[in-house]
Amino acid sequence: ALFKFTKKILDGKPIDVYNHGKMKRDFTYIDDIVEGIYKVMLKAPEANPLWDGENPDPGVSFAPYKIYNIGNNKPVDLLNFISVLEEELGVAAEKNFLPLQPGDVKETCADITDLMKDTGFRPETDISKGIKSFVKWYKKYYSV
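Heads up: the sequence shown runs through residues 1 to 144, numbered per the numbering used here.
Bear in mind the hints are in silico, worked out from the structure with no lab data behind them.
These numbers come from a predicted model, not from an experiment.
A hint or two may mislead.
Once the Cα atoms are required to be at most 27 angstroms apart in a straight line, the calculated DSS-like pairs of lysine-lysine come out as [claimed, not checked]: (1) K66 x K129; (2) K132 x K66; (3) K7 x K129; (4) K22 x K39; (5) K24 x K74; (6) K136 x K24; (7) K117 x K13; (8) K43 x K66; (9) K106 x K140; (10) K39 x K13; (11) K136 x K117; (12) K129 x K22; (13) K7 x K117; (14) K95 x K39; (15) K140 x K129; (16) K140 x K22; (17) K74 x K8; (18) K106 x K22; (19) K140 x K4; (20) K7 x K132; (21) K74 x K106.
What follows is a list of derived Cβ distance ranges for each label pair [as the list claims (entries may be wrong)]: (22) E124 x E54: 44 to 54 angstroms; (23) K129 x C109: 13 to 23 angstroms; (24) D77 x V34: 33 to 43 angstroms; (25) E54 x F3: 31 to 41 angstroms; (26) P49 x S133: 41 to 51 angstroms.
In this text, a Cβ means the ideal position worked out from N, Cα and C, and glycines have one as well.
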């Protein structure tokens, strides 16, 4: 949403705000994602001791792997997210308030328990710093 909202706001186009803004999302800054991936790469997963080559179970793999959620684990109110973006852009967004879309959820949050346990890493970039850095990059990259 950050990229799409930024482009639309700067182009003077309205942004769609679902559930009339009564939603929360887990904002995760890209540098935190990169660092999380790096930390995961440093810790090789262990083989699953339940694997039986003679009687393979499709739910268990012989290849060592681990799946992690990498997210900020701190849901942000959508209207606050938009407000911070407006402040950094210096432009008020034209908001098109819409109902909740079928199948959408009001709040999402990454469970980073395994990530923290296995790597000691927790994303820490807050929304203000992350959006400020993104807007600075966007304006430079797109010569805005």
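Now for the hints, and whether the structure bears them out:
| no. | hint | in the structure |
| --- | --- | --- |
| 1 | K66 x K129 | 30 angstroms, violated |
| 2 | K132 x K66 | 33 angstroms, violated |
| 3 | K7 x K129 | 19 angstroms, holds |
| 4 | K22 x K39 | 34 angstroms, violated |
| 5 | K24 x K74 | 9 angstroms, holds |
| 6 | K136 x K24 | 24 angstroms, holds |
| 7 | K117 x K13 | 43 angstroms, violated |
| 8 | K43 x K66 | 10 angstroms, holds |
| 9 | K106 x K140 | 33 angstroms, violated |
| 10 | K39 x K13 | 39 angstroms, violated |
| 11 | K136 x K117 | 33 angstroms, violated |
| 12 | K129 x K22 | 23 angstroms, holds |
| 13 | K7 x K117 | 38 angstroms, violated |
| 14 | K95 x K39 | 39 angstroms, violated |
| 15 | K140 x K129 | 17 angstroms, holds |
| 16 | K140 x K22 | 32 angstroms, violated |
| 17 | K74 x K8 | 26 angstroms, holds |
| 18 | K106 x K22 | 7 angstroms, holds |
| 19 | K140 x K4 | 17 angstroms, holds |
| 20 | K7 x K132 | 15 angstroms, holds |
| 21 | K74 x K106 | 14 angstroms, holds |
| 22 | E124 x E54: 44 to 54 angstroms | 46 angstroms, holds |
| 23 | K129 x C109: 13 to 23 angstroms | 19 angstroms, holds |
| 24 | D77 x V34: 33 to 43 angstroms | 26 angstroms, violated |
| 25 | E54 x F3: 31 to 41 angstroms | 50 angstroms, violated |
| 26 | P49 x S133: 41 to 51 angstroms | 43 angstroms, holds |
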